[in-house]
Amino acid sequence: MATLEFTASPGHTLGVELELQLVQSHDFDLARDAAELLARLEKVRLPGAVKPEITESMIELNTSVHTRHDALSAELGQMRDAVVKEAGMLNLRVCGGGTHPFHSWTARRIFPTERFRHILDRYGYLAKQFTVFGQHIHLGCADGDAAVYLVHMMTRYVPHFIALSAASPFYQGEDTSFHSSRLTAVNAFPLAGHMPFVADWAEFNEYFDKMRAFGVVESMKDFYWDIRPKPEFGTIEIRVCDTPLTVARAAALAAYAQALAKWLLEERPRPALRAVYLVNAFNRFEAARFGLRGQLIDPFEERKRPLADDVLDALAVVAPHAEALGSAEVLAGLAAEVRRGYSDADWLRERFAANRSLAHTVRESAALWAGDKPRDSG
Amino acid sequence: MSLGFLPQLPPVFGQPALVGALLLAGLLGGEIVRRTLGLPRITGYVLAGVLLGPQVSGFLAPGALLEARVLIDVSLGLIVFELGHRLDFQWLQRNRWLFAAAIAESVLCFALVMLALLAFGFQPLLAATAAAIGTATSPAVVLLVAHELRAAGQVTERMLLFTAVNSVVAYVALTLLLPFLHLEHATSWHEAILHPVYILAGSALVGFVASLTLLWLAGWVRKREDRQFILLIALVVLAVGAARSLNLSVVVTLITLGMLARNFDYEHVLLPLRFGYGGQLFFVILFVLTGASLEFDALPAVAGAVLAFIVARFLGKGLALATFGRMSGVRPANAALLTLALMPMSGLAVVMVLDTAAMYPAFGGELAAVVLSAVAVLEILGPIATQIALQRAGEADPAAGSA
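Residue numbers (our numbering), protein chains in the order written: chain A, 1086 to 1463; chain B, 6 to 408.
Just chain B, with the same shape it has in the complex (with noise of 0.2 Å):
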């Protein structure tokens, strides 16, 4: 009797499998932890990962985390879209301070964890690197707890306004850091300046492209919510594959593409975003996947500079927006609590670091790990913070946190 039929054992589970098991680990994760702690759900998702990651159970073994990283870039590029779609150029051009404030986020937040980890004797270079990607405050973390909580006001707007500056400052510091690193690893010099030259200007060409063909489609489709849904996770995800074969950046192309279906909606065409809850699925899958690939073991052999990086980057951004908050309209009490919003790191700055320590392994090793170490920390605590800070500001729907 041939029993051919049966599968080998044990069985080979394949992507779809491995989707579900995300999706319900982040979800029993993140039930778990909001009724048992009361924390932000993120942090349950992000727990889930930690749980099934090569770190702890293993479930996930490095190489999936690989496979499944085309998951956390259409991720990502939904959430760093959907980020460039609150940038509203008009109230920039209103309220000047307030993109003053913004920039001297990203650049303070810069120059103090920089002077942090050249005292801790890192090299100029690799120190600007990693302070370049620890300027960017996580954007999904800042959009998902804002959508857990239906928070709405000032610090709320601010804090996704300013991420996104942030993200996009960050990502530019990076990108023009690249020649450098090329020229410390002896490449050519035309490579070195024309390689930042084409990812931003592919990127912004990319989105641009793909934004006015979101806006032409969107009036052709006309305002039916259902359509122009279908419509946007279509032109997110071609623009996320696009950046991706054409080794662009998929978050520059994606916040692009944001930015410029909002501001250059001209006729009106685009009804307001709202992803619900397909759009919730890659949010979970995101986080569990970044839980997933966190890293502790280090933590302790360069728990020194982690710290002096999260308090550098902290004290960055505090002492601009004290500085620049007032002029901008936040009234001091908010711009503390902006502070603690704005610290979230996550999949964004793994993403960062991944990339760059691919092109020059140089990266990898011990700044690398002070950086991922840090987003460990801060992808756990981080959420917790932005929670705090929404709930503190009297921005957070009471009914939306028990629900």
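Just chain A, with the same shape it has in the complex (with noise of 0.2 Å):
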């Protein structure tokens, strides 16, 4: 019997889990009341759950498992408006996006949980740095070589993701020049990158056992991939995006996810294609850094593109699954601000550009994903 069993999980399901911040109202700096907040939500009836994470400042909302966009996006909704009603009775606001953009890492503080210590202890100043915060979109699998197939068809879309996701102009204070400058500090994980080609499940179960036996992991969690397995669930886990200011958008993307998972396990349009692993660390660059405005090399086409057009051309070829799921609108929206050039990243470089201070710039992200209407003025 295989290590990793890989419960089955049929029926294009997904589930979205998002790391938010928390901040201040009186700087809008990062706070460290989660754990408050988070005995505060323990009371409140809520279809998903609310749980901590790395750091005091932030917290992660986990959607229940869903089929359809609408029932995603409405639970998300819910756990949104209860997340941001209870921060509001301690005085703090919340926000998406991938990154704070002007904290000091160095006073961050670990959430005092001992996974959270052993991470700390492990990575150092890592793990601080980790102040980051992403969206992981969940799709299940009805078993683990589906998982396998799925997860090297899904890394040539990567870019996509990250770009369409892209919330972290700012780090530390500066304007990276980067969509997305949260990925740069995942990739200095040493257990960053992605799965290794394996044909199947049971290839990669001796891969796993094989890296166990090293004693470079102790578990699945440990590898800190773009998409990795996640066996106990029966779901591939894509971990690439940002996560984005508003819930809208994060049911969006992963309405997307489903979307192209329901295409590539029912057509199986292709084999799986080592060549997809040597282009990607480029893509991913080029996602991250120039967001919809980059480059994408098609490793099954050898040919180089704006990755803009390929988002397009994607959900174009999508469209009859999601109809098929219910997302049809959903999709079309997406693709409509990919043509008009929309991204979170250009939304807060705006605001910044509009407000000159970072500190405002949170303060309308955190209304932004209230749900507050923008006013015009900064």
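Note that these hints are calculated values from the structure, not bench results. Remember, predicted model here, so these are calculated numbers, not experimental data. A couple of the hints might just be wrong.
[Unchecked claim] Simulated pairs of lysine to any residue, SDA-like, Cα-Cα distance not exceeding 25 Å:
| # | chain 1 | residue 1 | chain 2 | residue 2 |
| --- | --- | --- | --- | --- |
| 1 | A | K1128 | B | R331 |
| 2 | B | K228 | A | S1110 |
| 3 | A | K1170 | B | A338 |
| 4 | A | K1136 | B | R331 |
| 5 | A | K1128 | B | K228 |
| 6 | A | K1136 | B | R99 |
[What the hints assert, rightly or not] Ranges between beta-carbon positions, derived for each pair:
| # | chain 1 | residue 1 | chain 2 | residue 2 | range |
| --- | --- | --- | --- | --- | --- |
| 7 | B | D231 | A | E1259 | 14 to 20 Å |
| 8 | A | E1127 | B | N268 | 28 to 34 Å |
| 9 | B | R232 | A | E1435 | 20 to 26 Å |
| 10 | A | E1127 | B | R232 | 16 to 22 Å |
| 11 | B | R232 | A | E1317 | 40 to 46 Å |
| 12 | A | E1317 | B | E272 | 47 to 53 Å |
| 13 | A | E1127 | B | A363 | 53 to 59 Å |
| 14 | A | G1300 | B | R99 | 46 to 52 Å |
Cβ coordinates follow ideal geometry from the N, Cα and C atoms, glycine included.
The two chains are supplied separately, each in an independent frame; assemble them into the complex guided by the hints.
Right, here's the structure in full:
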């Protein structure tokens, strides 16, 4: 029997994890009240779960398992409202975005649970630098072999998710020139990267056993891959997204991933290709640096093209599947934003250009997250 | 040979030397206390002041203290401005119980202190006046300890909020007691009524006008940290000066300015407040001067009443937080820590006692001795209590203490 049992999870299910920033209302720097907020939220009946994350400035929303975008979106909205309300009682604000624009990582403290202390011991300053905020998308797979195939095929679309979610242009008080600077912080970890090009679940288990025998990892949690199988959930988990600035965009990204997965798993348009991983680092960099304005090398067609065009083509290809999943309209909306050239990273840069203060940029970002009507003036 | 260019001996040192000496003494006192005992620097500033003051070395004569009153007012002005600026009306709107808790904290504290003083046989009017002064937590101490520890969290936020509220309540209560003191001293009834109205309305008006000016000019200089810093200092000092010239209350004027600047900033023109090193200069001066004006002489004579004053004050705060804390979202353990954190009394109380005694000599004497002795005790112990509370609450930055 294999070491890692893959729980079957058929029917194109999806779930979302969102890491959120808690900020103080008087200076919009990161707050440290995650524990207080979580204690309050324990008393609120919510469909999903709210959990502590690595630092005291972060909480994580986990949705329940869904099959449709509208239900997922409604649940995210409900959780957002509850979190914003309870945070308000503590004079805190909540916002999306992949990084806090100006916090100083030396000031961060690690949430006092054992696993997190272990991470701090092991990774030292990387753990504090890792105060970054991501969205993880879980996609259900019928079995381990399907999961392995889906990871390989989805890797080609990793730049799409990076560019569509990118919301971390500022880091440690500076404009990084990247659309997603968060990804760079993730890269520093020794087990970051991607799954090896294994043929199926059996071969993946061999690999995992070997890594564990070497003492490199203890569990799947130790791999910080862009996409990793999550056998106990029966899913693959896409981990490259910044937390977007709104739940609407977070839900739309999940719907896009779901439609892609349905298309790939049902039609199996191509066999998995090792060359995907040859161009992966280049594609990832382009997307993180330039967002939708970057280039993408398509390893199947062996050509370089604008990332935005590639996204639009993919959205068109999966449209029939989106129709079946009830998310056609959402993906059409996403396509419209791509054509318009909108990104959360650009929004943050625009707000900063208008109000010339990162603190006020965070304030506006928190208002956007809470669903307030945006004011015209900075 | 004429040596007329030489100064008289011994030379006469003016204000610059005084300010320099205060800063140096504060720096040394703060560092020594921090390094040898691990206590808050503020305690060191105060102790340095005690050593320099008339009580010990006499380096700072009572006359020098009176001359330095302007420095105290400006420093206090900056502090209550910052405190007012932390008072977020939206938070109070969202969390109504929080406002109830803050009011209850002031009211119960006032009531219990007054009862304690009545039990010691003080006249009701004077007991009420002293109780009003005792209601206020020292804004300077809580803000400075929070800064020094780089504290952030629920206990810290609420400590600042409650301090803002109880400082306002204390001042308003004190002012409302004025008519009775007036009548006691046989001044005319219209003077008795108009005086508190003039102080409260006048201070609020000056604060209001200053806040509008601040917001208007901040919008004009835009979000440049250096310029907004100069603008803030300018308007705070101007408002302090205006309040003094017009015989208004520096505290009410500046807390109004801070509150309105924060809560009227609809266009979001102000940057988050950071006084930084410049602000610290004023704070050091304030605490050294407060230390120099502390009076311990009367303490043995009135020790019983002082103890009752301090205990009643503590109980009043504790009772309010035990009752209203949970409803406003404070966990029981944190309610206890918050009570501890709100202990400090200091410069604000000294100013209130001096101002009241200046107008109504009957307030001097024994009661002033009780309040000033309580201030002396809590000036030394208060910062330590606040520091322990914030550290226990886990809201102090562990790296900040040793820095």
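We went through each hint and held it up to the structure:
A threshold of 25 Å between alpha carbons decides the hint, and for K1128 (chain A) with R331 (chain B) the separation of about 13 Å falls inside it, so the pair holds. Using a Cα cut-off of 25 Å, the hinted pair K228 (chain B) and S1110 (chain A) holds, with the two alpha carbons roughly 18 Å apart. For the given pair, K1170 (chain A) sits about 23 Å from A338 (chain B) by alpha-carbon distance, which is consistent with the 25 Å threshold. Of the pairs offered as hints, the one joining K1136 (chain A) and R331 (chain B) holds, with about 23 Å between alpha carbons and a cut-off of 25 Å not exceeded.
Annotation: proposed proximity of K1128 (chain A) to K228 (chain B) is violated, straight-line Cα distance about 41 Å (limit 25 Å). For a cut-off of 25 Å, the pair hint linking K1136 (chain A) to R99 (chain B) stands: about 24 Å separates their Cα positions. Checked against the hint of 14 to 20 Å, the C-beta distance between D231 (chain B) and E1259 (chain A) comes to roughly 19 Å, which is consistent with it. For the pair E1127 (chain A) and N268 (chain B), the beta carbons lie near 32 Å from each other, so the given range of 28 to 34 Å is met.
For R232 (chain B) and E1435 (chain A), the Cβ-Cβ distance of about 24 Å falls inside the hinted range of 20 to 26 Å, so the restraint holds. Checking the proposed 16 to 22 Å range against E1127 (chain A) and R232 (chain B) shows it is violated: the Cβ atoms sit about 46 Å from each other. Here the CB-CB span from R232 (chain B) to E1317 (chain A) is close to 56 Å, at odds with the stated 40 to 46 Å. The hinted range of 47 to 53 Å is satisfied by E1317 (chain A) and E272 (chain B), whose Cβ atoms lie roughly 51 Å apart.
In this structure, E1127 (chain A) and A363 (chain B) meet the distance hint of 53 to 59 Å, their C-beta atoms being roughly 54 Å apart. One distance hint, 46 to 52 Å for the beta-carbon pair G1300 (chain A) and R99 (chain B), holds here, with the actual separation near 51 Å.
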